[in-house]
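Peer 1: One line per chain: the protein sequences are A and B, in this order. Plus 111 on top of the position in the first sequence (first one is 1) and you've got our numbering. Plus 1024 on top of the position in the second sequence (first one is 1) and you've got our numbering.
Wrong hints could be hidden among the right ones.
[To be verified] Taking lysine to any residue pairs in the SDA-like style, the calculated list, with each CA pair at most 25 Å apart, reads: (1) A:Lys277 <-> A:Trp240; (2) A:Lys297 <-> B:Val1032; (3) A:Lys277 <-> B:Val1032.
Simulated from the structure, these hints should not be mistaken for laboratory data. Owing to the predicted nature of the structure, the values given are computational and were not obtained by experimental measurement.
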Amino acid sequence: MATRTVVPFGPQHPVLPEPVQLRLTYEDEKVVEVTPVIGYGHRGIEKACELNEYAKNIYLCERVCGICSYQHSATVTEVMEKLWPLELTPRINYLRTIWSEMARTHSHLLWLGLLADAFGFESMFMQFWRIREKVLDLLERTTGHRVIQSVNIVGGVRRDIDEQQKKMIVDVLKDVRKESQSLINKLISDYTVKKRTVGVGVITKEQAMGLGCVGPTLRASGVSEDVRLTKYHAYGELQFEPIVEEAGDCYARAAVRARELFQAIDLQLEALSKLPEGEISVKVKGNPPANEAVMRTEAPRGELFYYAKGNGTRKLERMKIRTPTNANLPAVLVLLPGCQMADVPVNVLSIDPCISCTER
Amino acid sequence: MPKMLPTVLRNLLDGPATRMYPIKVRKPFQNARGHIVFDDDKCVLCGVCAMRCPADAISTDKESKTLSFEPARCIVCEVCVQGCPSDAITLMYHWRTPFYRKPLEVHEAKGKKPRTPV
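Excised from the complex, chain A in its bound form (with noise of 0.2 Å):
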């Protein structure tokens, strides 16, 4: 009979920087159970929120995930903008979409380059981080800072594009789209990707809609759904339609981010193209009203879902904050077991986890 060990996995790993601990039950190298151990990465910013006066919600909010900060600064202006609810201009929605997809894709950079680290790809690594430089620089120059933008008001925005920065972002984005198109070709065609992605941790489709993860996890699997298909920012005038793969396994959720950065380049090229004139910010008054609110939009990592009850005074009632990861932590439990011990970093990140979204 095979020995069974016991291995943590985690909360501190060199693969994964996020706060969790797997548990992981191995026969011989083998995985057979996971047990999750989730909790150190609990701020209480759901309960701070309720605390906070309602326009600093948004700096609070922004800094429950650090690479998809832009969404969540979106997505609770949004919802606390539905309490009155405010009448926004074209611009501020063409604003907030352009800004959504350039953090879309320098998350979607990122996660490949962390892809290509996990398993021991470290010059693709760092060559993918060097294109997300770019962004982050273009992020910088258009909102003021590079990772926690505080661009969104109640109301609009903060900062406006210029002609000559609308130029700017052009000329950026075709290079960012040149280089990171000679680079995934290189990861999507190499012999030891496809060795180590192709077949492994496969969720099928019932799986995936039975679990009921969200994002490039779901798409992955065959199911074509997104949250920008409710049309929310300026999505609406936008030529978009999901990116879906068959496959389910690592392969699959690769291919799936690739092809969403260069939709995510596309759709702020698009959004250039047909920003319209208008003002940045429309005029507030008053404490949001006694009503409830929700609002969902889609981060990197899929649906993120606010939820805000007002009562007419400067602070909420209540607010909820549910992070994508949220829905696809469920997906690594069911797709662990029965992988090797070697495969087991791919799988976790294959779902692009952010734990500390998670606990916020």
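Got chain A sorted already, so can you dock chain B onto it with the hints?
Peer 2: Same frame as chain A, now just chain B:
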């Protein structure tokens, strides 16, 4: 392997992708949010910045007529800059240099309140 050759050659000829920081420092972008500066002559101690600051980095003392600012707490969100009714706060695009101890800036408000028309 031959497919990787152009990348290898480019990396050889391009030189390093990183800078020799802190010997070579990149110029900050004109649009960047570096830090905020207070103009004591314009400040009328109205307290709008202290009330709106999400990081509680600003506090005012009406008795001693001073405004205290903790730069280490500031997240440079621009709320105070846009909210200041007397334009006493300016946003600079240069970053602060790192500090060993958290400093506290104390400003004496010397601005005069505009007279309200009768």
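Peer 1: Which numbered conditions among the earlier hints are violated in the structure presented, ordered from lowest to highest?
Peer 2: The structure breaks only hint 3.
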